[in-house]
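Participant: Using the hints, position chain R against chain A.
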Amino acid sequence: MSDIAFDEEVDITDKVCPLTFVKAKVTLDELEEGQILAIRMNDGEPVQNVPRSIKDEGHQILKLKDNEDGTYTLYVKKIGD
Amino acid sequence: MSDAIDYSSLKKGGFMRQKQKGYFSLRLAVVGGNLTAENIKTIAEVAEKYGHGYVHMTSRQGVEIPFIEFSDIEEVRGKLAEGGVKPGVCGPRVRTVTACQGSAICPSGCIDSYELAKEFDERYFGRELPHKFKFGVTGCMNNCLKSEENDLGVKGGYIIDYKPETCISCGVCIKACREGALKMEDGKVVIDKSKCNNCGRCVKSCPVDAWDYTPGYIVSFGGLFGNQIYKGEQIVPIIKDKETLFRVADATIDFFDKNAKPGERFRHTLQRVGEEEFRKQIQKAYEGV
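Chains as they are written, first to last, in my numbering: chain A, 1 to 81; chain R, 1 to 289.
Isolated chain A, as found in the complex:
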């Protein structure tokens, strides 16, 4: 499957909960509405919880890609300012 085109990317594999979500949120805050962010995160707790937290913030999740190296990339469209 081809990757989704994105405007910005952020790697949160260097953070642990809750800073995973905080780092992703700070990056999202800097984007314009409609722009797409690619968030690279670790398997396990981050991939179980970060997508849901992003959803709860009101953003639109487009896809979760398995990078097959123990990480996943979540593609998110920013909704609202």
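Among the hints, erroneous ones may be present.
[Stated by the list, open to error] Below 35 Å or equal to it, Euclidean Cα-Cα: the simulated DSBU-like pairs (lysine-lysine) are:
1. A:LYS63 / R:LYS240
2. R:LYS193 / A:LYS77
3. R:LYS188 / A:LYS25
4. R:LYS183 / A:LYS23
5. A:LYS63 / R:LYS163
6. A:LYS23 / R:LYS41
7. A:LYS55 / R:LYS183
8. A:LYS65 / R:LYS163
9. A:LYS77 / R:LYS204
10. R:LYS41 / R:LYS118
To be clear, the hints were calculated from the coordinates, so they are not data collected in a lab.
Facilitator: What follows is chain R alone, placed relative to chain A:
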């Protein structure tokens, strides 16, 4: 007229005898861990004026005011009533119904725990039984309120139904599921119902609401967490409606009332008389026959 103190009647009214002679720790009625600001102000005033200026938060979301003198009991009752605070209960009866904040407040909640705790409280609180009987309600699989340590515990869950036409095949639910019950096949989610534990994480994580769901009640029976420890057991499937839930709770209380010896906890009654008859009655109540 005797001046002898009737301890069992005081226990019924929430007065726990302290080791210090003539003093009682007054247990208050709390449902689901919530008190109004007015309640708290009144409790603070009573603790300052009649107690030692502090309260004790109990392990089951209750509040006790220690160091109430026997001679002040009636006055204290009156003061508390003015602030809408009712005495709790000790002794052989239905105790405080505990609850988490549930779906009304908590993003993880699958059921409105507090609302259900109030309904249990109205239906059963203080009911006289052979021994204490504890209800607890927790909103989801995270189990903050420790459902299985209660005589009757309720845990919220979701009964799920996948909507393939809405699904964008993003894969988030597959990772959100901790039971390994979901997999992606040809761009659609396939559910292994035998692994699903009704936690609802798939529903809550889905970005496009590609799930229909019904909140349900997972009931556990016969938990103990005191001198002996026993994990309450689920013996009927997740319950979909309150009518059935109350029928099952009624049947449980009735069984305990009829079969328990005085001073015998529910688990020990089940162990003594055997679980078979209880399971039969609960199955009947579950099916509504």
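Participant: Now, for every hint given, state plainly whether the structure supports it.
Facilitator: Status of the hints after comparison with the structure:
Under the criterion of a C-alpha separation no larger than 35 Å, the hint pairing LYS63 (chain A) with LYS240 (chain R) is consistent with the structure, at around 33 Å. A distance of roughly 32 Å separates the Cα atoms of LYS193 (chain R) and LYS77 (chain A); the hinted pair therefore holds under the 35 Å criterion. Restraint check for LYS188 (chain R) and LYS25 (chain A): satisfied, since their Cα atoms lie roughly 29 Å apart, inside the 35 Å limit. For the given pair, LYS183 (chain R) sits about 29 Å from LYS23 (chain A) by alpha-carbon distance, which is consistent with the 35 Å threshold.
Our distance criterion of 35 Å between C-alpha atoms is met by LYS63 (chain A) and LYS163 (chain R), whose separation comes to about 17 Å. For the proposed pair LYS23 (chain A) and LYS41 (chain R), the alpha carbon gap of about 41 Å is over 35 Å, so the pair is violated. At roughly 21 Å between alpha-carbon atoms, LYS55 (chain A) and LYS183 (chain R) fall within 35 Å of each other, so this suggested pair holds. Of the supplied pair hints, the one linking LYS65 (chain A) and LYS163 (chain R) holds, its CA atoms being roughly 21 Å apart against a limit of 35 Å.
A hinted pair counts as satisfied when its Cα atoms are at most 35 Å apart, and LYS77 (chain A) with LYS204 (chain R) qualifies at roughly 18 Å. As the CA atoms of LYS41 (chain R) and LYS118 (chain R) are separated by approximately 22 Å, the hinted pair is consistent with the 35 Å bound.
Of the numbered hints stated above, the single one contradicted by the structure is hint 6.
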